[in-house]
Amino acid sequence: MAAEHIVPVKTYIGIFAALLCLTALTTGVAFIDLGAMNTVLALAIATVKMLLVMLFFMHVKYSTKLTKLAILGAFFWLALLLTMTLADVFSRNWTPIPSGWGPSVSAPAPAGK
Amino acid sequence: MSEVASTHPRELAHQFQTVEQQRETGRLGMWVFLVTEIMFFGGLFAGYAIYRNLYLSAFEYGSRLLEIKAGTTNTAVLIASSLTMALAVHSAQTGKRKALIFFLLITMFFGFCFLGIKSYEYLEKWNHFLVPGLRFAPTEVLPPGVTASHLELFLCFYFFMTALHALHMIIGLGIMTVLVIMAWRGKFSAQYYAPVEISGLYWHFVDIVWIFLFPLLYLIGGRY
Amino acid sequence: MSTAVVEVPARSEVNYLNANYGIRSWLFTKDHKRIALLYLASITFMFFVGGAAAVLMRLHLITPEGTLVQPATYNKLFTIHGVVMVFFFMIPSIPAVLGNFLVPMMIGAKDLAFPRLNLLSWYIYIVGAMFTLYAILAGGVDTGWTFYTPYSSTYSNSHVIATALGVFITGFSSILTGLNFIVTIHKMRAPGLTWFRMPLFLWSIYATSVIFILGTPVIAITIVLVFLERVLHVGIFDPKLGGDPLLFQHLFWFYSHPAVYIMVLPGMGVVSELIACFSRKRIFGYSFVAFSSLAIAVIGFLVWGHHMFVAGQSVYASLIFSLLSFLVAIPSAIKVFNWTATLYKGSISYQAPMLYALGFIGLFTMGGLTGLFLASLATDVHLSGTYFIVAHFHYIMVGGAVMAYMGGIHFWWPKITGRMYPDAWARFAALLIFVGFNLTFFPQFMLGYLGMPRRYATYPAEFQVLNVMSSAGASILAIGYLIPLIYFIWSIRYGPIAGPNPWRAKGLEWETPSPPPPDNFDVTPIVTEEAYNYAGAPPIAAAGGANV
Numbered sequence: 000m001a002a003e004h005i006v007p008v009k010t011y012i013g014i015f016a017a018l019l020c021l022t023a024l025t026t027g028v029a030f031i032d033l034g035a036m037n038t039v040l041a042l043a044i045a046t047v048k049m050l051l052v053m054l055f056f057m058h059v060k061y062s063t064k065l066t067k068l069a070i071l072g073a074f075f076w077l078a079l080l081l082t083m084t085l086a087d088v089f090s091r092n093w094t095p096i097p098s099g100w101g102p103s104v105s106a107p108a109p110a111g112k
Numbered sequence: 000m001s002e003v004a005s006t007h008p009r010e011l012a013h014q015f016q017t018v019e020q021q022r023e024t025g026r027l028g029m030w031v032f033l034v035t036e037i038m039f040f041g042g043l044f045a046g047y048a049i050y051r052n053l054y055l056s057a058f059e060y061g062s063r064l065l066e067i068k069a070g071t072t073n074t075a076v077l078i079a080s081s082l083t084m085a086l087a088v089h090s091a092q093t094g095k096r097k098a099l100i101f102f103l104l105i106t107m108f109f110g111f112c113f114l115g116i117k118s119y120e121y122l123e124k125w126n127h128f129l130v131p132g133l134r135f136a137p138t139e140v141l142p143p144g145v146t147a148s149h150l151e152l153f154l155c156f157y158f159f160m161t162a163l164h165a166l167h168m169i170i171g172l173g174i175m176t177v178l179v180i181m182a183w184r185g186k187f188s189a190q191y192y193a194p195v196e197i198s199g200l201y202w203h204f205v206d207i208v209w210i211f212l213f214p215l216l217y218l219i220g221g222r223y
Numbered sequence: 000m001s002t003a004v005v006e007v008p009a010r011s012e013v014n015y016l017n018a019n020y021g022i023r024s025w026l027f028t029k030d031h032k033r034i035a036l037l038y039l040a041s042i043t044f045m046f047f048v049g050g051a052a053a054v055l056m057r058l059h060l061i062t063p064e065g066t067l068v069q070p071a072t073y074n075k076l077f078t079i080h081g082v083v084m085v086f087f088f089m090i091p092s093i094p095a096v097l098g099n100f101l102v103p104m105m106i107g108a109k110d111l112a113f114p115r116l117n118l119l120s121w122y123i124y125i126v127g128a129m130f131t132l133y134a135i136l137a138g139g140v141d142t143g144w145t146f147y148t149p150y151s152s153t154y155s156n157s158h159v160i161a162t163a164l165g166v167f168i169t170g171f172s173s174i175l176t177g178l179n180f181i182v183t184i185h186k187m188r189a190p191g192l193t194w195f196r197m198p199l200f201l202w203s204i205y206a207t208s209v210i211f212i213l214g215t216p217v218i219a220i221t222i223v224l225v226f227l228e229r230v231l232h233v234g235i236f237d238p239k240l241g242g243d244p245l246l247f248q249h250l251f252w253f254y255s256h257p258a259v260y261i262m263v264l265p266g267m268g269v270v271s272e273l274i275a276c277f278s279r280k281r282i283f284g285y286s287f288v289a290f291s292s293l294a295i296a297v298i299g300f301l302v303w304g305h306h307m308f309v310a311g312q313s314v315y316a317s318l319i320f321s322l323l324s325f326l327v328a329i330p331s332a333i334k335v336f337n338w339t340a341t342l343y344k345g346s347i348s349y350q351a352p353m354l355y356a357l358g359f360i361g362l363f364t365m366g367g368l369t370g371l372f373l374a375s376l377a378t379d380v381h382l383s384g385t386y387f388i389v390a391h392f393h394y395i396m397v398g399g400a401v402m403a404y405m406g407g408i409h410f411w412w413p414k415i416t417g418r419m420y421p422d423a424w425a426r427f428a429a430l431l432i433f434v435g436f437n438l439t440f441f442p443q444f445m446l447g448y449l450g451m452p453r454r455y456a457t458y459p460a461e462f463q464v465l466n467v468m469s470s471a472g473a474s475i476l477a478i479g480y481l482i483p484l485i486y487f488i489w490s491i492r493y494g495p496i497a498g499p500n501p502w503r504a505k506g507l508e509w510e511t512p513s514p515p516p517p518d519n520f521d522v523t524p525i526v527t528e529e530a531y532n533y534a535g536a537p538p539i540a541a542a543g544g545a546n547v
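Line by line, the protein sequences give chains A, B and C. First residue of the first sequence: 0, per numbering that gives the first Met the number 0; consecutive thereafter. First residue of the second sequence: 0, per numbering that gives the first Met the number 0; consecutive thereafter. First residue of the third sequence: 0, per numbering that gives the first Met the number 0; consecutive thereafter.
I should point out that these hints are in silico values taken from the structure, not numbers from a laboratory. Be careful, since some hints might not be right.
Partial list, computed: chain B residues near chain A (C-beta under 7 Å) [to be verified]:
| hint | residue |
| --- | --- |
| 1 | Gly-41 |
| 2 | Ala-45 |
| 3 | Arg-51 |
| 4 | Leu-172 |
| 5 | His-203 |
| 6 | Ile-207 |
Computed beta-carbon distance windows for the label pairs [as the list claims (entries may be wrong)]:
| hint | chain 1 | residue 1 | chain 2 | residue 2 | range |
| --- | --- | --- | --- | --- | --- |
| 7 | C | Glu-529 | B | Lys-95 | 47 to 53 Å |
| 8 | C | Val-126 | B | Gly-115 | 51 to 57 Å |
| 9 | B | Gly-94 | C | Gly-191 | 33 to 39 Å |
| 10 | C | Asn-17 | B | Gly-115 | 51 to 57 Å |
| 11 | A | Ile-5 | C | Pro-538 | 57 to 63 Å |
Where chain B lies over chain C, by a calculated footprint (3+ residues, C-beta under 8 Å) [to be verified]:
| hint | stretch |
| --- | --- |
| 12 | 242-248 |
| 13 | 332-345 |
We put the CB at the ideal spot given by N, CA and C, even for glycine.
Here chain A stands alone, though its shape is the one from the complex (with noise of 0.2 Å):
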């Protein structure tokens, strides 16, 4: 499938081009402040980096559903351990320690000192 595929070398030159911008961009919004929107941006730049890298560099662009639907498998089951992970130790603060427990500021779980 993809080995019959053969990516011209333009196309790799390009968007090596494309991934070096990037990096350039996203060390530069760095210096910028704009508040919660650093980490959003720096996220994303790196998304675009890597479906670029995945997309071509590793021909999935050329690849097999099923190479496809495994790429995205792996991402969903990451994403399922940190949402529910964090889920946890977000909603830990919500339920009040009962008076007489400890301090009556509900404080975060794992803080331990």
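Dock chains B and C against the given chain A, drawing on the hints supplied.
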């Protein structure tokens, strides 16, 4: 029973019917392996995500301690190595043996550059007493909201994640050495280059991990 | 399923066992059938290591004061029992032995996709086992098989690092095996063998392999973190240094809950094969059973927090995990209903494999139902950390998965060795195991409900009667497991020769000689039938003359 393959039957392993089946199987195998690698690194990313959200100021402070020039250069170096790896695979696909060896060697050169810059960074951390567990005694006054142990946590993730990544790179360099030797001996052709292709997949994956490590470790501090 | 052309000879002159001689031909083999036997020997050895720990524990627990071993030693015993049984017996058992042997044969292939990787998997398993055995001999480890932090990472004085390394290394054995199976099933099926013509054993092996791939790497990295924390004295999971012990538990159980499905799914696959053959009927609701295997694998990844209901996890997260834990019971129940429907109006015979399969259905159902008490938040608060949990998972693991493994070994033994075992002894051992098992573990449900904590070396005197019953059952169970060891070894030399298909079963693996030739099939089979095409099939004959 295996059909006589149209070309290079000696590369056709006995459990396969056709060279096409063997090639696709090899590719799928490497992708399944990369899925496991995504989950392997993923555990570290999960831990990072949790502690970053809990101790954001410490993580931002720690991130500013990292050498952004070194990190950016390394990112560019790895991206270049991905380009040369893709060109190596391209050379194999088009049967150009000398170009294949050349691009493999350049890729390895970039890999060594990366490791060199990384070692410099690690050495700098060592010199400033910022290596968790082994040599950790921050000398600077920490801003309010940042404790030494939270900073140590950030540095733990910095070292563990980049070290695991570097370990994968070293393995990749080993694989490429083997490929160079095999290419030198004329084992590859336009009909048979599967090991080059799947090693390329591995190398690109290592690049992708760094593409995420770089902003998450180096750029969260905001240097404004 | 039928082969295209060839009449199967009763016994092949050259089979995979006699094709090459010498230890090197075994240690450097690429033949999946030989690798399966290498695993069989290794995991049987580890089974008896873990079993020895269990015997010592049950002997110790005969008296409330517990005078057989010191409490510190008791901690090491339950840890080693758990570590060895989970990682070195249960997880590899059916996939590495029966899966390795049967997957290529059931799909009509000559071998797995990556035979050398398969051999590497076994070597990795052996290296991991060596580390763990070293840990045992050097003084043991006392953290529990769950390695909870910060005890395991900071405070324990036992051989955590060696054990952790052993488990870490062995994990890669599973990962590579799972990779091999997934790729093989996708890419190497014989012509005509569509997904929905595959035996259900392959569906469950496939689902299990998906769990191997997605889950094992997470525990691998978790163990690395514990190792680093222990060696470097940093505080990733240590609250004193700002770490979160619950993070360890999240990462640990993200794998270890799906791991229990790794342990039971292949058993379910075996049971489907056995029920179909010994009722002479196709499995009722084939596609439901197939999709249930996938559903168990997927939903099984969403429930891990039910191990942490009383550990400090937020109530809201616990609610979600509780709901999902109820949902995961559904596909398992679907399978039990479908097996039951298969039995209905079937032509049932009670050879040893069938006894094990029927035992599985009953005992797994009991274990599964008791899981619902644990999925429910309120009752789990009472039952967590008690013997109820111990009984729950042993009903599923031993009453379920181990019985399925035994059933599978008995069913495919004639194919693997070309010999038949004595069925009368086999049935006797199966019944002994059933009785011994229930006598061991049913009292533990009661003990847990009454409040006896698990992992305790002593207990209040009022619990002694139930504990003595449990220990008595364990002795019967031990004898039940020793008997097959003896007659299987006996049968290799003296058992009657079994033909290619002593059970008159359906399946490509039965259309080769017993033992099979090294390349499995001389001609690649072409599949034209659905699975389990038992309609009009002759009854099971007296196999090899040894059936009573």
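Here's how the hints hold up against the structure:
1. Gly-41: holds (4 Å)
2. Ala-45: holds (5 Å)
3. Arg-51: With Cβ-Cβ at 9 Å, over 7 Å, it is violated.
4. Leu-172: violated (18 Å)
5. His-203: holds (5 Å)
6. Ile-207: holds (5 Å)
7. C:Glu-529 - B:Lys-95: 47 to 53 Å: For C:Glu-529 and B:Lys-95 the Cβ distance comes to about 50 Å; the hint holds.
8. C:Val-126 - B:Gly-115: 51 to 57 Å: Cβ of C:Val-126 to Cβ of B:Gly-115: about 33 Å, so the range 51 to 57 Å is violated.
9. B:Gly-94 - C:Gly-191: 33 to 39 Å: holds (37 Å)
10. C:Asn-17 - B:Gly-115: 51 to 57 Å: Taking Cβ atoms as reference, C:Asn-17 and B:Gly-115 lie about 56 Å apart, which means the hint holds.
11. A:Ile-5 - C:Pro-538: 57 to 63 Å: holds (59 Å)
12. 242-248: It holds, with 3 qualifying residues against the three required.
13. 332-345: violated (count 0)
In this structure, the earlier hints numbered 3, 4, 8 and 13 are contradicted, and the remaining ones agree with it.
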